[in-house]
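The chain contents come next:
There are 2 protein chains.
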Amino acid sequence: MTKPLAPHIPLNRPRLIAPGPVEVSPATLLALAQPQMHHRTPQARAKFLEVRGKLAQLLGDSFEAVIVTGSGTAAFEGALVSLVPAGAKVVNASAGKFSERWGEMAERLGYAVVKVQKPWGELLDAGEIAAACKDAYALTITHSETSTGALHDLEAIAAAAKAVNPDIVIIADCVTSYGVAELRPGAWQVDVIVSGSQKAAATPPGLGFVLFSPEAESKLIKNTPKGFYLDLERELRGQKEANTPQTPAINLIYALDVSLDRLLSVPLEVLWAEKKRQNDALIAAGDALGCRSWSGRPTPAVAVLVPPAGSGVKRIGGKQVAAALADMNQRALPGQAPHEDTVFRISTLGYADRYDALAVAGILEDAFSALGHPFERGAAVSAAWRVLSN
Amino acid sequence: MTKPLAPHIPLNRPRLIAPGPVEVSPATLLALAQPQMHHRTPQARAKFLEVRGKLAQLLGDSFEAVIVTGSGTAAFEGALVSLVPAGAKVVNASAGKFSERWGEMAERLGYAVVKVQKPWGELLDAGEIAAACKDAYALTITHSETSTGALHDLEAIAAAAKAVNPDIVIIADCVTSYGVAELRPGAWQVDVIVSGSQKAAATPPGLGFVLFSPEAESKLIKNTPKGFYLDLERELRGQKEANTPQTPAINLIYALDVSLDRLLSVPLEVLWAEKKRQNDALIAAGDALGCRSWSGRPTPAVAVLVPPAGSGVKRIGGKQVAAALADMNQRALPGQAPHEDTVFRISTLGYADRYDALAVAGILEDAFSALGHPFERGAAVSAAWRVLSN
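The listed protein sequences derive, respectively, from chains U and E.
Counting in the UniProt record's numbering, the first sequence runs from 1 upward without gaps.
Counting in the UniProt record's numbering, the second sequence runs from 1 upward without gaps.
It cannot be assumed that every hint is accurate.
No copy is singled out in the list; a pair is fine if it fits within one copy or between any two copies.
[What the hints assert, rightly or not] Calculated lysine to any residue pairs in the SDA-like style (CA-CA distance at most 25 Å, straight line):
#1 Lys54 to Arg13
#2 Lys54 to Ala6
#3 Lys54 to Asp261
#4 Lys314 to Ala383
#5 Lys276 to Ala379
#6 Lys3 to Val270
#7 Lys134 to Asp153
#8 Lys319 to Ser389
#9 Lys162 to Arg315
#10 Lys222 to Ala6
It is worth saying that the hints were derived from the structure and are not from the lab.
All values derive from a computational prediction rather than experimental measurement.
Assemble the whole structure, with the sequences as input and the hints as a guide.
And the structure:
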């Protein structure tokens with residue numbers, strides 16, 4: 001079914017076109033490879049404070065950043081156990097893999113979890129969530145759902161939840177929206193933002209970020225019984241003074257500093273518009289090949305595309321597309337279990353510019369050509385370029 | 001005249017799109033950064049021999065490779081002084097900056113130089129060159145002239161020269177054709193091939209290569225009075241045994257090994273076809289913007305393009321185009337002095353694939369748009385993609 005591989009393929013430059021880990025700039029990698037620094041030196045402590053400041057700058061609000069040595073999941077757990085008292089009611093809004101995870105996590109940790117679930121690919125409903133929030137302590141929600149490609153309307157949901165319960169603590173998984181999509185937690189009344197290093201920050205994995213609003217900070221629990229390493233009240237107190245209770249992944253922090261400088265070299269609005277434009281170009285390329293965005297409100301972090309089906313065109317599976325891209329040395333992703341074959345996922349989330357998005361459109365055309373899918377050559381590239389050059 | 005820079009430009013990924021130094025793969029850079037090896041260890045000596053073998057493989061003929069720590073010019077000088085006896089007659093065929101350099105070099109070294117010159121941008125004439133070769137000891141010629149973008153017909157020229165003088169030693173500057181353009185020195189009766197690390201070999205600068213045919217090897221002069229460091233007779237004897245008389249840039253040789261593996265992962269015909277396709281795409285993109293290739297027989301190493309002029313369209317200078325590209329963080333080149341403004345030069349010679357060539361077409365469109373040049377948006381990208389996806 002797949003055409004034989006083109007002979008030039010071994011010469012292809014391998015690319016990470018998955019929504020994290022992402023392409024990392026040579027300058028960032030070079031920072032990582034520096035002679036081993038010690039995290040207690042005045043230089044390292046100054047760098048630590050500088051990076052905390054830049055993380056807040058990338059958010060655009062004067063939130064307090066905690067850098068966790070761990071994944072985004074670790075960071076999310078830290079936010080949860082450091083803010084929500086044992087046994088309290090937690091509303092978990094979910095419509096995909098990652099938002100579901102926060103529900104499982106809260107249940108495991110003994111919270112009284114109320115789940116407001118939507119099928120994968122659909123959008124969360126602000127009214128439905130708000131209705132469950134009346135007597136809840138916290139709401140966990142995912143802004144950009146990487147498993148479905150939906151950018152949920154965090155602004156509307158937070159407004160609705162706060163309207164019925166002004167004290168509710170909103171913990172937002174912004175793992176793939178922070179530094180990518182419009183995000184105004186101060187104005188939107190979102191209390192906690194969670195992300196990680198291997199997404200928009202275009203740094204190798206290993207760091208999670210938690211950013212607390214002033215109000216959330218005032219609600220942090222002292223000596224949470226639900227965690228020791230992830231006690232972010234103690235972490236934040238220490239980190240404000242450039243003291244980390246545990247040893248941080250200091251090389252990654254130096255690397256992150258370099259990556260953040262690139263993102264902060266333009267106003268946030270320009271950064272958001274640019275990442276949206278790149279992702280819109282990927283969706284337009286997919287559209288020209290008969291694919292459609294799984295979500296009607298797509299996140300700019302990743303194009304989650306349903307391959308062509310029906311009306312005389314043979315069905316292509318998401319796994320097939322990802323495999324065809326892998327055959328071309330391009331690392332994309334199929335869907336997330338149990339929807340592996342429903343969609344495929346391509347992204348220019350990391351160290352990639354609009355011309356790389358154009359290149360990915362070309363890659364996608366060649367993958368669909370290898371899969372024997374009928375389309376007019378040049379359609380995807382032209383569609384992408386119309387978006388990019390507009 | 002130039003439009004204000006687009007706000008997203010600081011987010012552009014800087015690219016080397018000049019014909020050397022070129023983009024280098026992360027794997028190659030990593031090899032360069034290894035713990036300092038010593039060139040006299042058995043491992044380093046084995047690596048040295050391996051790389052010499054791969055250099056011959058990239059040529060496709062069983063020539064003997066000498067690795068010079070120095071530039072391509074050093075390598076060329078080594079070939080000249082190690083093969084041509086003092087005062088002998090040397091025919092210098094030139095039609096651009098680099099071929100002219102070999103004439104100057106031969107004169108400085110005291111050879112009896114006969115110059116067969118063509119204006120820049122034109123093609124060398126085999127008959128004209130052959131007529132000068134009758135009683136010459138050597139012919140110096142540039143295969144791919146990076147200053148004009150011409151790929152001279154080395155096969156025809158060598159055949160004509162050998163027809164009138166079977167003993168003539170043909171030293172070919174293949175700095176930007178080796179590993180890029182069809183090159184069959186055995187069949188074409190070319191005796192010596194000269195190149196360097198920062199071109200198709202996609203390695204940082206610092207190494208020159210000289211490849212000798214068996215016959216050329218037999219003509220090497222012992223103890224040439226014209227050079228000590230560049231005495232390649234002694235070098236070749238040593239290098240065959242993995243002994244270098246002087247200390248080589250051993251880290252660069254380890255890095256080169258990684259880059260050569262990539263190039264040798266496909267048959268030479270595939271590599272040549274792929275680089276030609278990429279460069280043809282750049283020329284097609286330029287064509288769609290009103291540019292034309294300076295040479296009627298373009299080298300696949302670099303697109304040397306004359307910007308639009310006349311018939312109602314305002315003249316754009318080569319320096320302007322290069323500057324507009326530099327404003328976008330893309331390192332291209334204007335023409336070479338004294339033709340700086342006649343042309344601009346763009347290239348995907350190094351670690352770049354066909355999708356990078358598509359990206360460069362997009363970059364070129366945006367540069368011409370910034371210059372206020374009228375054209376139909378999408379024309380250059382579509383033209384490039386037609387070549388690349390064909």
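Alpha-carbon proximity context of Lys134 and Asp153, limit 25 Å: Intra 19 Å, inter 82 Å, cutoff 25 Å: intra-copy only.
Within, between, both or neither, where Lys276 and Ala379 count as close if Cα-Cα is 25 Å or less: For Lys276 and Ala379, the Cα distance is within 25 Å both inside one copy (20 Å) and across copies (24 Å).
Is it within, between, both, or neither for Lys54 and Arg13, if the alpha carbons may be no more than 25 Å apart? Cα proximity of Lys54 and Arg13: across copies only (21 Å, versus 32 Å in one copy).
Given identical chains, is Lys54 near Asp261, meaning Cα to Cα at most 25 Å, within a copy, between copies, both, or neither? within (8 Å within a copy, 41 Å between copies)
Is it within, between, both or neither when you check Lys54 against Ala6 at 25 Å Cα-Cα? Between. Shortest inter-copy distance 24 Å satisfies the 25 Å Cα cut-off; intra-copy 45 Å does not.
As a check of your reading, is Lys319 near Ser389 (CA-CA no more than 25 Å) within one copy, between copies, both or neither? Only across copies: Lys319 and Ser389 sit 23 Å apart there, 31 Å inside one copy, limit 25 Å.
Using 25 Å as the alpha carbon limit, work out where Lys222 and Ala6 are close: within a copy, between copies, both or neither. The answer is neither: 61 Å in one copy and 48 Å across copies each exceed 25 Å.
Tell me, please, which holds for Lys162 and Arg315 at an alpha-carbon limit of 25 Å: within, between, both or neither? So Lys162 and Arg315 fail the 25 Å test inside a copy (44 Å) and across (61 Å) alike.
Is it within, between, both or neither when you check Lys314 against Ala383 at 25 Å Cα-Cα? Close inside one copy (23 Å), not across copies (30 Å); limit 25 Å.
At 25 Å max between alpha carbons, let me know whether Lys3 reaches Val270 within a copy, between copies, both or neither. between (41 Å within a copy, 18 Å between copies)
The structure shown violates the earlier hints numbered 9, 10.
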